[in-house]
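Here the protein sequences come in this chain order: A and B. Mind the numbering: the first sequence is residues 45 to 537 in the numbering used here, read in order. Mind the numbering: the second sequence is residues 96 to 345 in the numbering used here, read in order.
Calculated from the structure, these hints are not laboratory results. Ideal placement from N, C-alpha and C gives every residue a C-beta, glycine not left out. The reader is advised that the hints may include incorrect statements.
[Stated by the list, open to error] Computed list of lysine to aspartate or glutamate pairs in EDC-like fashion (alpha-carbon distance at most 20 angstroms, straight line):
{"no.": "1", "chain 1": "B", "residue 1": "K188", "chain 2": "A", "residue 2": "D290"}
{"no.": "2", "chain 1": "A", "residue 1": "K178", "chain 2": "A", "residue 2": "D290"}
{"no.": "3", "chain 1": "B", "residue 1": "K188", "chain 2": "B", "residue 2": "E231"}
{"no.": "4", "chain 1": "A", "residue 1": "K317", "chain 2": "A", "residue 2": "E348"}
{"no.": "5", "chain 1": "A", "residue 1": "K436", "chain 2": "B", "residue 2": "D212"}
{"no.": "6", "chain 1": "A", "residue 1": "K178", "chain 2": "A", "residue 2": "D201"}
{"no.": "7", "chain 1": "B", "residue 1": "K188", "chain 2": "A", "residue 2": "D432"}
{"no.": "8", "chain 1": "B", "residue 1": "K279", "chain 2": "B", "residue 2": "D212"}
{"no.": "9", "chain 1": "A", "residue 1": "K436", "chain 2": "B", "residue 2": "E191"}
{"no.": "10", "chain 1": "A", "residue 1": "K436", "chain 2": "B", "residue 2": "E169"}
{"no.": "11", "chain 1": "A", "residue 1": "K436", "chain 2": "B", "residue 2": "D256"}
{"no.": "12", "chain 1": "A", "residue 1": "K108", "chain 2": "A", "residue 2": "E142"}
{"no.": "13", "chain 1": "B", "residue 1": "K188", "chain 2": "B", "residue 2": "E205"}
[To be verified] Computed footprint of chain A on chain B; a stretch qualifies when at least three of its residues, placed anywhere within it, have a C-beta under 8 angstroms from a C-beta of chain A:
{"no.": "14", "stretch": "194-200"}
{"no.": "15", "stretch": "276-287"}
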Amino acid sequence: MARGYKTAGCLIVLTACVAYADVEPVVVGSKNFTESYLLAEITAQSLEGAGFEVVRQFGLAGTKICYEALRAGEIDIYIEYTGTIRQVILQSAASDIEAALEPEGIRMLPSLGFNNTYALAITERFAAQYAIEKISDLVSHAGIRASFSHEFLNRADGWPGLAHRYGLAFDTTGIEHGLAYQALSRGQIDITDAYSTDGELTRYALRILDDDLAFFPTYLAVPLVRSEMDPQAIDVVAQLGGLLTDDMMRELNAQVVVGRRAIPEVARDFLAKSVHATTAAPVRGPVARGWSANLARNIRRHLELTLIALVLACIAGIALAVLVYRSATWSRSVIYIAGLFQTVPSIALLALMIPILGVGVVPAITALFLYSLLPIVRSAVTALTTVDPLYKEVAMAMGLTRAQQLRYVLMPLSAPHILAGIRTAAVISIGTATLAAFIGAGGLGEPIVTGLALNDTDLILQGAIPAALLAIGTELAFSGLERTLIPAHLRAH
Amino acid sequence: MPAVTVRSLTKYLGDSLVLDDVSVEIPSGATTAILGESGCGKTTLLRHINGLLTPDEGTVEVFGKPIDYACLSELRLRMGYAVQSVGLFPHLKVSENLSLMARLSGWQAERIRARHDELMRSMQLRAELLDRYPHELSGGQRQRVGICRAMMLAPDLLLLDEPFSGVDSITRKLIHAEFLTLLKHEPATTLLVTHDVREAVRLASRLVIMDRGRIVQQGTVRAVINNPRTESIAQLFREQMQDYGNGPRL
Chain A
45 MARGYKTAGC
55 LIVLTACVAY
65 ADVEPVVVGS
75 KNFTESYLLA
85 EITAQSLEGA
95 GFEVVRQFGL
105 AGTKICYEAL
115 RAGEIDIYIE
125 YTGTIRQVIL
135 QSAASDIEAA
145 LEPEGIRMLP
155 SLGFNNTYAL
165 AITERFAAQY
175 AIEKISDLVS
185 HAGIRASFSH
195 EFLNRADGWP
205 GLAHRYGLAF
215 DTTGIEHGLA
225 YQALSRGQID
235 ITDAYSTDGE
245 LTRYALRILD
255 DDLAFFPTYL
265 AVPLVRSEMD
275 PQAIDVVAQL
285 GGLLTDDMMR
295 ELNAQVVVGR
305 RAIPEVARDF
315 LAKSVHATTA
325 APVRGPVARG
335 WSANLARNIR
345 RHLELTLIAL
355 VLACIAGIAL
365 AVLVYRSATW
375 SRSVIYIAGL
385 FQTVPSIALL
395 ALMIPILGVG
405 VVPAITALFL
415 YSLLPIVRSA
425 VTALTTVDPL
435 YKEVAMAMGL
445 TRAQQLRYVL
455 MPLSAPHILA
465 GIRTAAVISI
475 GTATLAAFIG
485 AGGLGEPIVT
495 GLALNDTDLI
505 LQGAIPAALL
515 AIGTELAFSG
525 LERTLIPAHL
535 RAH
Chain B
96 MPAVTVRSLT
106 KYLGDSLVLD
116 DVSVEIPSGA
126 TTAILGESGC
136 GKTTLLRHIN
146 GLLTPDEGTV
156 EVFGKPIDYA
166 CLSELRLRMG
176 YAVQSVGLFP
186 HLKVSENLSL
196 MARLSGWQAE
206 RIRARHDELM
216 RSMQLRAELL
226 DRYPHELSGG
236 QRQRVGICRA
246 MMLAPDLLLL
256 DEPFSGVDSI
266 TRKLIHAEFL
276 TLLKHEPATT
286 LLVTHDVREA
296 VRLASRLVIM
306 DRGRIVQQGT
316 VRAVINNPRT
326 ESIAQLFREQ
336 MQDYGNGPRL
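Given these sequences and hints, build the entire structure.
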């Protein structure tokens with residue numbers, strides 16, 4: 045029993061050591077949307093061009109995760125927006141962001157130049173028809189059909205504040221942001237909110253209205269780096285300052301989402317045309333590799349994550365069950381606590397791991413482990429407690445010691461149910477492991493997350509189909525295992 | 096020295112008094128039947144003797160020593176145990192059911208095989224049944240295997256709780272005969288719990304008659320039948336012995 049815990053502990057520590065051992069390369073992070081990928085790739089290639097080794101930790105799920113990863117030293121650098129730093133990270137209107145970040149060991153480098161803020165978008169046709177150029181021109185158009193993203197409708201710095209500042213009074217409806225541009229170009233709605241550097245604006249020939257009363261806060265793109273990062277590397281990133289205008293950024297985004305070009309390629313071309321003309325790095329990184337090599341790597345990583353988590357959960361789960369099954373109170377408590385982990389949404393559980401374990405493989409395995417625990421503990425406890433009391437009594441009366449009763453009677457009789465629990469845990473793990481990509485653990489979630497961010501169905505399928513096949517394969521493998529291990533008349537159906 | 100000595104044993108299960116100040120001695124080398132209607136406490140008494148239950152009051156001595164509840168396994172290895180529902184482990188084949196304790200006690204494979212053959216032959220079981228799982232046996236076969244398993248380690252004390260009920264009367268008579276032959280070859284102190292007077296009379300030399308948690312009469316079969324202490328005991332014998340062919344083996 046104690047050995048089970050020790051083994052589990054050692055494995056976790058070991059995995060952690062492997063992850064922490066390589067501190068030398070610069071770890072570049074990104075959030076999971078096109079622009080963030082692009083800027084991270086540009087940063088990475090600049091560093092590589094200057095001779096630094098770079099590890100790409102792209103596609104992290106959101107500001108909190110990125111920032112916590114940076115603070116924890118899991119990544120060394122990522123591109124953030126000044127408005128987001130104030131609103132989400134500092135949660136204050138602090139004028140001096142640099143001073144506020146300094147105690148956290150984080151430096152803000154000069155802005156890349158462009159401002160990716162909220163904007164209102166209309167079609168060129170509509171603009172021409174009603175001679176609308178700036179937001180204050182809207183005041184006289186009461187009948188306008190406005191549809192905004194739900195977030196924009198509810199943020200103080202979104203529609204409520206905007207309507208107040210400009211005195212706008214038209215009715216609004218909510219719309220999913222991804223659908224808004226299509227609806228706009230088909231003439232189903234007249235106006236929606238947009239990000240000023242969205243590549244989609246180019247695709248649908250949309251016009252951004254001038255914010256003439258300067259309502260929207262600025263969202264200047266700025267690199268956040270760890271203060272302790274190699275000063276030379278910091279210099280390289282600082283040189284990216286002022287290189288991009290709003291139009292240039294929109295154009296680069298459009299090359300990816302409209303032109304369907306690979307991000308590393310777009311980044312390389314951009315760098316080639318700008319300061320680093322001579323140092324453009326060879327195209328590499330996850331997005332640029334051949335799909336088969338990627339697939340093999342992702343499947344391998346996916347299986348690693350699932351398998352390690354599952355083995356640990358089996359050891360811990362069965363050990364726990366053996367410890368508690370004789371007490372009804374303890375059995376209930378353990379099942380209840382394991383069940384609690386299951387109720388935490390998986391993405392939240394992954395996010396909660398970051399302050400404790402950082403990003404990458406270790407928190408992903410830990411979260412998968414906690415997720416797999418419930419089905420295994422529950423099936424094991426239930427199986428052990430529901431063994432026919434006749435067999436328990438006979439085993440005792442025959443003179444079997446407690447350990448022998450477990451080994452020769454209770455465990456074999458519980459095996460079908462325990463195996464069914466492990467099978468459930470395995471299938472859940474394979475599904476949940478696709479979310480591990482959000483915290484940079486890789487696996488088949490990586491193409492899914494990237495594909496979602498880039499609106500690239502092919503990429504999504506490169507993750508989704510193998511993940512589904514893996515789940516089916518796991519089911520079949522467990523059926524086979526059941527047939528081999530358990531006599532027909534004892535199988536759980 | 097008696098094999099088992101029970102002194103002033105009192106046991107509550109929940110709120111109900113199941114054994115009320117029971118004292119009894121089970122002599123070595125003989126078969127004693129504990130006879131009574133269901134609910135009279137006979138099974139509860141038996142379960143105290145191998146430590147499945149602990150007394151609320153009173154003491155149980157086995158083989159001349161009070162039961163050491165800290166090391167029951169050792170004591171139980173000297174006792175065979177068979178119950179009505181048999182309880183053959185469903186995940187083990189017949190041979191594995193029989194050999195489990197022998198294997199754990201360090202018997203060699205050769206010795207185990209020889210013992211299997213010997214017991215199976217005594218109970219009229221074909222050798223090929225050794226390879227079957229319990230659910231592939233008939234009810235009578237299962238009960239015979241149950242007896243074999245209880246006898247496997249040649250126990251000093253055999254505890255049987257209605258091990259022959261639940262099969263038809265013809266099969267039961269056959270098993271009785273086989274069991275008597277087996278005991279003739281391998282005498283063991285036997286304690287048989289039953290509600291069947293004819294079975295008790297057929298297999299046992301001594302009777303302990305229980306009613307509502309108390310012992311109402313004990314003695315040799317002949318003594319009890321000839322001098323029933325109460326009218327209800329007398330009636331028990333009259334009713335159940337009527338159809339017993341040539342009458343009791345007195």
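Here is how each hint holds up against the structure:
1. Under the criterion of a C-alpha separation no larger than 20 angstroms, the hint pairing B/K188 with A/D290 is inconsistent with the structure, at around 78 angstroms.
2. Restraint check for A/K178 and A/D290: the C-alpha separation of about 17 angstroms stays at or below 20 angstroms, so the hint holds.
3. Between B/K188 and B/E231 the CA atoms are separated by roughly 10 angstroms; this keeps the pair inside 20 angstroms, and the hint holds.
4. Between A/K317 and A/E348 the CA atoms are separated by roughly 41 angstroms; this puts the pair beyond 20 angstroms, and the hint is violated.
5. Between A/K436 and B/D212 the alpha-carbon distance is near 27 angstroms, which puts this suggested pair outside the 20 angstroms criterion.
6. About 18 angstroms separates the Cα atoms of A/K178 and A/D201, which keeps this hinted pair within 20 angstroms; it holds.
7. For the hint linking B/K188 to A/D432, the alpha-carbon distance of about 18 angstroms falls within 20 angstroms, and the restraint holds.
8. For the hint linking B/K279 to B/D212, the alpha-carbon distance of about 17 angstroms falls within 20 angstroms, and the restraint holds.
9. The hinted pair formed by A/K436 and B/E191 meets the criterion: a straight-line CA distance of about 17 angstroms does not exceed 20 angstroms.
10. For a cut-off of 20 angstroms, the pair hint linking A/K436 to B/E169 stands: about 17 angstroms separates their Cα positions.
11. Of the supplied pair hints, the one linking A/K436 and B/D256 holds, its CA atoms being roughly 16 angstroms apart against a limit of 20 angstroms.
12. Straight-line distance between C-alpha atoms of A/K108 and A/E142 comes to about 18 angstroms, which keeps the hinted pair within the 20 angstroms bound.
13. Between B/K188 and B/E205, the direct Cα distance comes to roughly 18 angstroms. Compliance with the 20 angstroms bound is thereby established for this hinted pair.
14. Evaluation of the coverage hint for the stretch 194-200 of chain B: fulfilled, as 3 residues show C-beta separations to chain A shorter than 8 angstroms, against a requirement of three.
15. Restraint check on the stretch 276-287 of chain B versus chain A: 0 residues with Cβ-Cβ distances below 8 angstroms, three needed, restraint violated.
The structure does not agree with the numbered hints 1, 4, 5 and 15 stated previously, though it agrees with the rest.
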